[in-house]
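Q: In case you want the letters, here they are:
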Amino acid sequence: MSLRTAAASVAENAAPARLRPNPFALTWALPMAIWQLLFFVAPLCFLFVMTFWIVQNFRLTPAFDLQNWHAMLGARYFWEIYFRTLIYGLLAAGLVSLIAFPCSYMLAFRAPFSLRWFAVFLLITPFFTSYLVRSYSWKVVLTGNGIVNAGLGFLRLGPFDMVNNLFGTMVGYLTLTLPLVVLLQLFSLAYVDRNLVEAAHNLGCTAIKTVFLIVMPAARVGIVLAATFAFILSFGDYVSPSLLGGSKPPTLSVLMVDVVKSGANWPQASVVAVMMIVTLLAVSFAALIYAYGGKGRG
Amino acid sequence: MSLRRIGTVLLWCYVVTVFAFIMAPIATSFIVSFNFDRFPTLPLGAFSLRWYQDIAQDPMLPPAFRNTIIVGFTVSVIATTLGFAAAYTDYRYRFAGKQVYLALALLPPTIPVVILGLAMLIFLTKIGLFGTLKAIIISHIVVCLPFAMALIRLRLSQMDQSLEAAAWNLGATEWRAMRDVILPFTLPAILAALFITMAVSFDEYAIAWFVSGFQETLPVRILAMFQGQVSPRINAIGSIVFTITMTLVILAQAILLLRRPARAPD
Chain A
1 MSLRTAAASV
11 AENAAPARLR
21 PNPFALTWAL
31 PMAIWQLLFF
41 VAPLCFLFVM
51 TFWIVQNFRL
61 TPAFDLQNWH
71 AMLGARYFWE
81 IYFRTLIYGL
91 LAAGLVSLIA
101 FPCSYMLAFR
111 APFSLRWFAV
121 FLLITPFFTS
131 YLVRSYSWKV
141 VLTGNGIVNA
151 GLGFLRLGPF
161 DMVNNLFGTM
171 VGYLTLTLPL
181 VVLLQLFSLA
191 YVDRNLVEAA
201 HNLGCTAIKT
211 VFLIVMPAAR
221 VGIVLAATFA
231 FILSFGDYVS
241 PSLLGGSKPP
251 TLSVLMVDVV
261 KSGANWPQAS
271 VVAVMMIVTL
281 LAVSFAALIY
291 AYGGKGRG
Chain B
1 MSLRRIGTVL
11 LWCYVVTVFA
21 FIMAPIATSF
31 IVSFNFDRFP
41 TLPLGAFSLR
51 WYQDIAQDPM
61 LPPAFRNTII
71 VGFTVSVIAT
81 TLGFAAAYTD
91 YRYRFAGKQV
101 YLALALLPPT
111 IPVVILGLAM
121 LIFLTKIGLF
131 GTLKAIIISH
141 IVVCLPFAMA
151 LIRLRLSQMD
161 QSLEAAAWNL
171 GATEWRAMRD
181 VILPFTLPAI
191 LAALFITMAV
201 SFDEYAIAWF
211 VSGFQETLPV
221 RILAMFQGQV
231 SPRINAIGSI
241 VFTITMTLVI
251 LAQAILLLRR
261 PARAPD
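Chains as they are written, first to last, in my numbering: chain A, 1 to 298; chain B, 1 to 266.
It should be emphasised that the hints constitute simulated quantities derived from the structure, not laboratory data. All C-beta atoms, glycine included, are put in the ideal place defined by N, C-alpha and C. Watch out, some of these pointers could steer you wrong.
With a cut-off of at most 30 Å between alpha-carbon atoms, the simulated DSSO-like pairs for lysine-lysine come out as follows [unchecked claim]:
(1) B:K126 to A:K261
(2) A:K248 to A:K261
(3) B:K134 to A:K261
Not close to chain B: a few residues of chain A, all C-beta gaps over 10 Å, as computed [said to hold, decoys possible]:
(4) T61
(5) A71
(6) R76
(7) E80
(8) L91
(9) L95
(10) L174
(11) R194
(12) A199
(13) T210
(14) Y238
(15) P249
(16) G263
(17) F285
Turn these sequences into a full structure, and let the hints steer you where they fit.
A: Here it is in structure tokens:
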């Protein structure tokens, strides 16, 4: 019995075989790599190359010229927009993590199994509804004499300006990120060792202290990853700042789309895009180091 | 004790509020689509199908809908095939540079869609595909493939590795073992991947907006309406698309649940 279990576990943990280039192996290994190199890596590389091209007489001309970089990075408005977008992204990530945590905690530790699965199902639903339509619903609901202001009017409150400003933008970011962040936090909390929590309680630790001293450190990787995803999504989102925030003030994505659609200046738009990618990589990298750093083990 | 009770009750109220926030836009979209007023407020107007009649008469919608369907079907088949191959490779082999290989497969969803949209616009224009359905299909495969790969890889990790080895020992070629062992076992995940990738493609607006030119898809049309005049027609379209997508997703989940192995999960 124990021998069989051991054998099974050995079989299950067996390292995958080394790939030897034969027709069978290559048939499975190559297609995805070729496709992604051709249609994912190449476009991104070309985007970088494009930043050095110039627009002459409304025509794109291959060149190696730094003028687009000078034009963008030398402009005061670029840096204003850049730091605004960065702050919006961080704000959204922090806000959504704070809002999500009590919810994920209750679902992970206090909810019965069936309720947790129902919650997961509800959390997955938004991924398959158009984010555009959901944002549009918020716009209708939150607008000047929309449903929320009418409801508040009965309570003799308001009307409040809730769209075409930062509030509207943040509602959009939350719509985009909240379900994902609750899901990721929930999964990481589900793996926290219950014995640790019990031990803390037995040793006289209050519930709130247990959350801060035991639960949050143990689930750190998941919590940080969730916040990072929220940052990535908000930082690059176009719909919230433009359609719920009214593009006043603009973010990097709004600027980029403007430069492409109205200005038809692809090289300068590419500079914005490359700056966004660099920022996202830097933030994600820092977050990963923080998440897995120290003695952190998920 | 009672103080703790109150705290617990308050926390559960909080959970309900968060879920209300998440579900509110979906629910209101349905309500608004059946509401007579162009600018809905409280109290709600009369029940009406006028927005649905409106969209039924919009000449821009049928071609957009057709494009969405063509793109969705093509993308789901190709993305799932590529995702399957990548998932099997990850399951079966180790090789130098495997981290890079996996990054290729899984990174696209972490790049903001507007950036991918711009990159695709520039690249696909360069190779002469801008404004064609092919352009949308190619870009959507890049974005959808990771979902297919992840789903199928998850299923493969539930498989006992000795099954395939046993087939080889009994004289099956690698191809035969693939057909008779791996494929049947991963079939539920393959079907789920087909549905999920189709759903992702149905919803994708940003990249399609950049590369589609005049070949609009439904989400691109919705974006254009959003930027234009305000009207609950968007909610009507959204409600129809939501119903279709949710049907696909529920089908996918049902398949996964029904075909789950009988043994207890460990």
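Q: For every hint, state whether the structure bears it out.
A: Results for each hint:
Only pairs whose Cα atoms come within 30 Å are accepted, and K126 of chain B paired with K261 of chain A is accepted, the gap being roughly 17 Å. Distance check on the hinted pair: K248 of chain A and K261 of chain A sit about 18 Å apart at the alpha-carbon level, within 30 Å; holds. A threshold of 30 Å between alpha carbons decides the hint, and for K134 of chain B with K261 of chain A the separation of about 21 Å falls inside it, so the pair holds. With a cut of 10 Å on Cβ distances, T61 of chain A stays outside the contact zone with chain B, its closest approach being about 13 Å.
For A71 of chain A, the non-interface assignment is confirmed: its Cβ lies about 17 Å from the closest Cβ of chain B, beyond the 10 Å cut-off. With 10 Å as the threshold on Cβ separation, the claim that R76 of chain A sits away from chain B holds: the shortest Cβ distance comes to roughly 23 Å. Listed as outside the interface, E80 of chain A is consistent with that label: its C-beta sits roughly 19 Å from the nearest C-beta of chain B, beyond the 10 Å cut-off. Residue-level check passed: L91 of chain A sits 17 Å from the nearest beta carbon of chain B, beyond 10 Å.
Against chain B, the non-interface label of L95 of chain A holds: every CB pair exceeds 10 Å, the least being about 12 Å. With a closest Cβ-Cβ approach of about 7 Å to chain B, L174 of chain A is found to fall inside the 10 Å limit, against its non-interface label. Non-interface call for R194 of chain A relative to chain B: holds, since the shortest CB-CB distance, roughly 17 Å, exceeds 10 Å. A199 of chain A, annotated as away from the interface, keeps every beta carbon of chain B farther than 10 Å; the closest lies near 20 Å.
The claim that T210 of chain A is not at the interface with chain B holds, since no C-beta of that chain comes within 10 Å of its own (minimum 13 Å). The claim that Y238 of chain A lies off the interface is violated: its Cβ sits roughly 5 Å from the closest Cβ of chain B, which falls inside the 10 Å cut-off. With 10 Å as the threshold on Cβ separation, the claim that P249 of chain A sits away from chain B holds: the shortest Cβ distance comes to roughly 17 Å. The claim that G263 of chain A lies off the interface holds: its Cβ sits roughly 13 Å from the closest Cβ of chain B, which is beyond the 10 Å cut-off.
Listed as outside the interface, F285 of chain A is consistent with that label: its C-beta sits roughly 12 Å from the nearest C-beta of chain B, beyond the 10 Å cut-off.
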